[in-house]
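Going line by line, the protein sequences match chains A and B. Going by the numbering used here, the first sequence opens with residue 1350, and the numbers climb by one from there. Going by the numbering used here, the second sequence opens with residue 103, and the numbers climb by one from there.
Any given hint could turn out to be false.
Mimicking DSS-like on lysine-lysine, the simulated pairs with C-alpha atoms at most 30 Å apart in a straight line are [what the hints assert, rightly or not]:
1) B/Lys289 x A/Lys1447
2) B/Lys108 x B/Lys251
3) B/Lys289 x A/Lys1367
4) B/Lys278 x B/Lys289
5) A/Lys1447 x B/Lys251
Since the hints were derived computationally from the structure, they do not count as laboratory data.
Given next are the chains, with one letter for each unit.
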Amino acid sequence: MNIHTIAGHLNGLCDQSKTGFQFDCYPIDGDVEVLQVNIVGREEIPVFVSVTDNQILCISYLWGENEVNQARRAEMFETMLELNIPMPLSSFAKIDDKYVVYGALSVQSSMEEIEQELAVLSDNCLEVIDELVEFLI
Amino acid sequence: MGILNKILTAFRGGATEVGQNIVDANSTRIFEQEIRDAEKHLTRAKRELTDVMAKEMQASREIDRLKRSVVEHEGYVTQALDKGNEALAIEIAEKIAQLDEELAEQQTANDSFSSHAVRLKDLVKKTERQLNDYQRQLTMVKTTESVQKATATITDSFASSNSKLLNAKDSLERIKARQQQFDDRLKASETLAEENSDKSLHAKLAEAGIGEQKSNANAVLDRIKARKG
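Just chain A, with the same shape it has in the complex (with noise of 0.2 Å):
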């Protein structure tokens, strides 16, 4: 399991998609090889896959640090918290200072599930920023 053969199957997709989106894929070259998945209509927040030796990590970018109404973060947490367990497939986490939301899956996932992760993921980032906007600037 790598970044390109998931790249090849969502590209490949078109109308027979199981979720409902379509799917377009760019491989970024780095250090670590990771994909950037853009749904098509939300392309502002796309979901960056990485496949490591026991788990593929799919990561969708919320807010940065700056973004946050300071003196409502500890409210925002602990809504995070709350919201963690009832959100599906995915959680919180927080990178550097940018706040995300991820999903991880065993790298013996089959291709319709790391469709359905995707596309639950992107679901979960737009539910999750109409929920919290109250805590952003």
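Starting from the known structure of chain A, fit chain B onto it as the hints suggest.
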């Protein structure tokens, strides 16, 4: 424990610098080396254990043989005494004494093998636990490393393409606006399709009283009255 603390300390120490190497390659190599060492220990301990267990079985078989031999010779002593052959009885008794000695030796060896086997089994268990722990820690280190590098890759890519990740509010608004536009267009085209359809024309004609009229009760009644008259 341990590794999580190291990761957190590194994060807090350098959290401001995006993509900074939190886990140095060195610690990953050290972990991998430790895992290889533990695996080697495990293989050696397992091989030794098999060896010791085989020796233990051998010793216990030997003990059984000696015990049977002692009983057998004790029978011979009784028989010799029954026949009044005291000299032979003493000779056999000496043999028994020799067997007893061997038996004691084998018993000591067997005990030592048994306790050695128990120690080795403990060692194998302990090493296996340690190995699992190292592997779990290595996974954490590697994942951290990979996420860092991926973040650096993403940041670089956006910087070089002169595009940037929008802030959350703007992104959401744009996506919503696009969705709204799509929905509006869909609705508009549905309305248009409806207006252009025959169904719509028929309805308009019927409303205007033009074309085929639906029969109603009054019309039927009129028809029947006319026939009667």
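Against the structure, the hints come out as follows:
1. For the proposed pair B/Lys289 and A/Lys1447, the alpha carbon gap of about 38 Å is over 30 Å, so the pair is violated.
2. Distance restraint check for B/Lys108 and B/Lys251: the Cα-Cα separation of roughly 18 Å lies within the 30 Å cut-off, and the hinted pair is therefore satisfied.
3. Taking the CA atoms of B/Lys289 and A/Lys1367, the gap is about 24 Å. The hint holds against a cut of 30 Å.
4. The suggested pairing of B/Lys278 with B/Lys289 holds, with an alpha-carbon distance near 16 Å, which does not exceed 30 Å.
5. For the hint linking A/Lys1447 to B/Lys251, the alpha-carbon distance of about 15 Å falls within 30 Å, and the restraint holds.
Of the numbered hints stated above, the single one contradicted by the structure is hint 1.
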